[in-house]
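Asks: What follows is the residue order along each chain.
There are 2 protein chains.
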Amino acid sequence: METKLKELKMQLLEIDDLESAAALLSWDQNTYMPPGGAPARGRQMATLQRLAHEKSTDPALGKLLDDLQPYAESLPPDSNDACLIRVARRDYERAVRVPPSFVAQFSEHTSASFQVWKAARPENDFSQVQPYLEKTVDLSRQLADFFPGYEHIADPLIDFADYGMKASTIRAIFADLREQLVPLVQAITDQPPADDSCLRQTFPAADQLAFGLQVIHRFGYDLTRGRQDQAPHPFTTEFSVGDVRITTRVRENNLGDALFSTMHEAGHAMYEQGVNPELDGTPLAQGTSSGVHESQSRLWENLVGRSRGFWRFFYPQLQDQFPDQLKHVDLDTFYRAINKVERSLIRTDADEVTYNLHVLLRFDLELRLLEGQLAVRDLPEVWRERFQADLGIAPPDDQDGVLQDVHWYAGTVGGMFQGYTLGNILSAQFFDAALHTHPEIPAEIEQGQFDTLHGWMRENIYRHGRKYTASELIERVTGGPLDIEPYVRYLQEKYGELYHL
Amino acid sequence: METKLKELKMQLLEIDDLESAAALLSWDQNTYMPPGGAPARGRQMATLQRLAHEKSTDPALGKLLDDLQPYAESLPPDSNDACLIRVARRDYERAVRVPPSFVAQFSEHTSASFQVWKAARPENDFSQVQPYLEKTVDLSRQLADFFPGYEHIADPLIDFADYGMKASTIRAIFADLREQLVPLVQAITDQPPADDSCLRQTFPAADQLAFGLQVIHRFGYDLTRGRQDQAPHPFTTEFSVGDVRITTRVRENNLGDALFSTMHEAGHAMYEQGVNPELDGTPLAQGTSSGVHESQSRLWENLVGRSRGFWRFFYPQLQDQFPDQLKHVDLDTFYRAINKVERSLIRTDADEVTYNLHVLLRFDLELRLLEGQLAVRDLPEVWRERFQADLGIAPPDDQDGVLQDVHWYAGTVGGMFQGYTLGNILSAQFFDAALHTHPEIPAEIEQGQFDTLHGWMRENIYRHGRKYTASELIERVTGGPLDIEPYVRYLQEKYGELYHL
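Sequence lines, in order, name chains A and B. For the first sequence, my numbering assigns the number 1 to the initial residue and increments by one for each residue that follows. For the second sequence, my numbering assigns the number 1 to the initial residue and increments by one for each residue that follows.
Looking at chain A on its own, in the form it has when it is part of the complex (with noise of 0.2 Å):
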């Protein structure tokens, strides 16, 4: 069995060592890359991901993974190798599933989908991606059925980034939600509308990149194991444990885009750089979910990150290195511009309050397109309609309203969006634990420190990477299933006493 589990690790190894390549030609592609490198980069690529697909659904690895599993089950099931043993069984499972040619249609058809997007966008046309979004739609459908057994279509969709999460389950927790959110904005766009204008000057380049970067240094963003360099979509990407970047875009007339998202990336990235390195070069060395990765960067950039403790903390600093700017702008002006809450048509631009309003509709979206119980060509009127009647305003067209998002137009329809508002939520609950046992944390950051926060993330969430699933770590950290109370809790409060509430 020594020799098989070897044999195991050693064929896991080079799936992932393909797999690191190919994130680093990406990175290159997005960072440094000269534009003449382009045709031959996406090849490169594409050959690298379908060599380590050969490899993930070979059928000696399904072997193995056969007569190992009566080691797994003699082993402690929380031991590294039986959660290596389990895991990497669900990923062949689900590797062997899809056939190859399906997998090719699918890549083929959403590199055209893209294309199309790409130019219908700018030029505010629904009706040239809606034979492409139909179509979507049909091989998502299809997909999914390569999973048979499932209470809803999505769910075997959503099990690709959230494993374990279920349509139903997440609706309910959605609404949920969103019946606490849709008054909660009306209440704030009720009040008079904070001033954020201080945001709005010129900064230079390298001053916001040289402020971010100490931040999240302070943090606990670890550069000998990692970098910051310019792209123009932020991303964070992961060649070993011991080499997690993060990538920043500036913008000199908005201060807030480039440092919210630097602490953003660095929280995903110190989830990665936090995984047990005995782990590293398995498929147990990577975050656990979608929402759970998410709930790293929504922790770092917005309960800490736009929290009044750290500006405490930070915005004599930030004073100091713009002078010009924020000299006569004084703390509590700040804190709020930076918390405006707004009635606004993009998603990636919305704040804390009214994000997750855009991403439910989303989620709600996608599930009746699978259901068949909307069809595409209603889909920008429903958009319309429902954004309405959740965010009190109507986008003038489908340029800022259906076609803003690249997800349906480049990937599935289903298991896209619901990760970014539970990761929200997961935020709060895991902030929340952390406070439990650690009540001196919120005074550390006014100190900013931030060790201990640091260090109980890495103990309870981080070093576990994938060994539990993300209901199964939620139930370790908070004692209970995910639950919506505390990140309610904390969006009152802190709204509540931002706006007058």
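No wet-lab data here; the hints were simulated from the structure. Please note that the accuracy of each hint is not assured.
[What the hints assert, rightly or not] List time: in silico BS3-like cross-link candidates among lysine-lysine, alpha-carbon distance up to 30 Å: (1) K55(A) to K63(B); (2) K63(B) to K118(B); (3) K55(A) to K4(B).
Here the structure of chain A is known, so what remains is to put chain B in place on it, guided by the hints.
Replies: Okay, now just chain B, sitting in the frame of chain A:
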């Protein structure tokens, strides 16, 4: 046959994709990778190289090449497809001759040897590397013996870098060259030394990089298909014909270092950028030999970049970039400084005239080690004697003597050094040929114009990639075989004038 040819190209493309990915991982390791990434990176590169090697020696590839042989013979021998099949077959036959177990053994040995050398050189302790180097000689002989029928045991090793060149030919050419160089060095060093103190002031790194980049951009290095980054050792790397990058090392107390190495690497890079795009992704899309490759780096670095005409145009700009350092240094003083000849210990720092004596020494000692005429334990002493005889000084220690270059301690003994001097010889031969067709080139260089020279190189050398062997290419371009006369004449004229000989 169409189908089989397509199949061949697809198999070769997959190998190329893996090798290009490995090259990017290596580029990243040398430029941006944080230190924590090192352990996994070594393994990831090894995995990609192993997979590329497996696919390069796949019997199915051999079968395809066999099947295509009659078709290849029916094509015009200069056609892209005939050349592709011919070169792919040559590569395949070479790759399958060496058993995988030997490849693994050799690679393990060179890794260990490299680690020992890294410690032994600063400690000036040849005895540490001696047993490793003895084994390297032994393994190099074994490697050569996988290619029986050679005239000299170094020939198969030379073939890896300079296909078709023979030890006997090179030895005779190098002996002729040495006969010319030793008295030339003697005559020059009898004169008062040039004053190069103007190069040894402080020159800010960013300004050095900006100036160098501007120069190579004028040469014709295409920055939409390449880029320059800093690295501990300068190198050129290619991921496709659309993405050929260089790296530069900057020393703030030495103006020549970054400047000439930037031009050097740009010469390599323009060669790779100039390959016919139709050959991209095939084994033909590379320089044809290490000698021809080096002819391009040395041509742009020395025949162009260290010429008086070049600096008539660029020196005023350099003075503008570094006014404090250079405004009182006249062109003639600067020109003498960058062409200072001296008896020195380190090959990579040597001037144009003495440089080849460093190479010739290594080449001759390589052959004698392989022939069994020289024992490794006697190498340091023999090195010193030969150095004294050729360069008129003796290294005071092994650190700056036999231990100075990494080549023998991380590769084969044999085939490692001849390319440097073949490149110097060819640089003058090719430059002569270009001037024969375009006598206006020197006048253009004085105007900072390089289109004619670059265009001639692209048309006659670059675009062919590996379609022709080095010997075929030299014959096509110059109408004759490799010939030292133009190079010796170039050195005698240039340095005769400089040193009033």
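Asks: Evaluate each hint against the coordinates.
Replies: Going through the hints against the structure:
1. Restraint check for K55(A) and K63(B): satisfied, since their Cα atoms lie roughly 24 Å apart, inside the 30 Å limit.
2. Under the criterion of a C-alpha separation no larger than 30 Å, the hint pairing K63(B) with K118(B) is inconsistent with the structure, at around 43 Å.
3. For a cut-off of 30 Å, the pair hint linking K55(A) to K4(B) stands: about 25 Å separates their Cα positions.
Consistency with the previously given hints fails for number 2 only.
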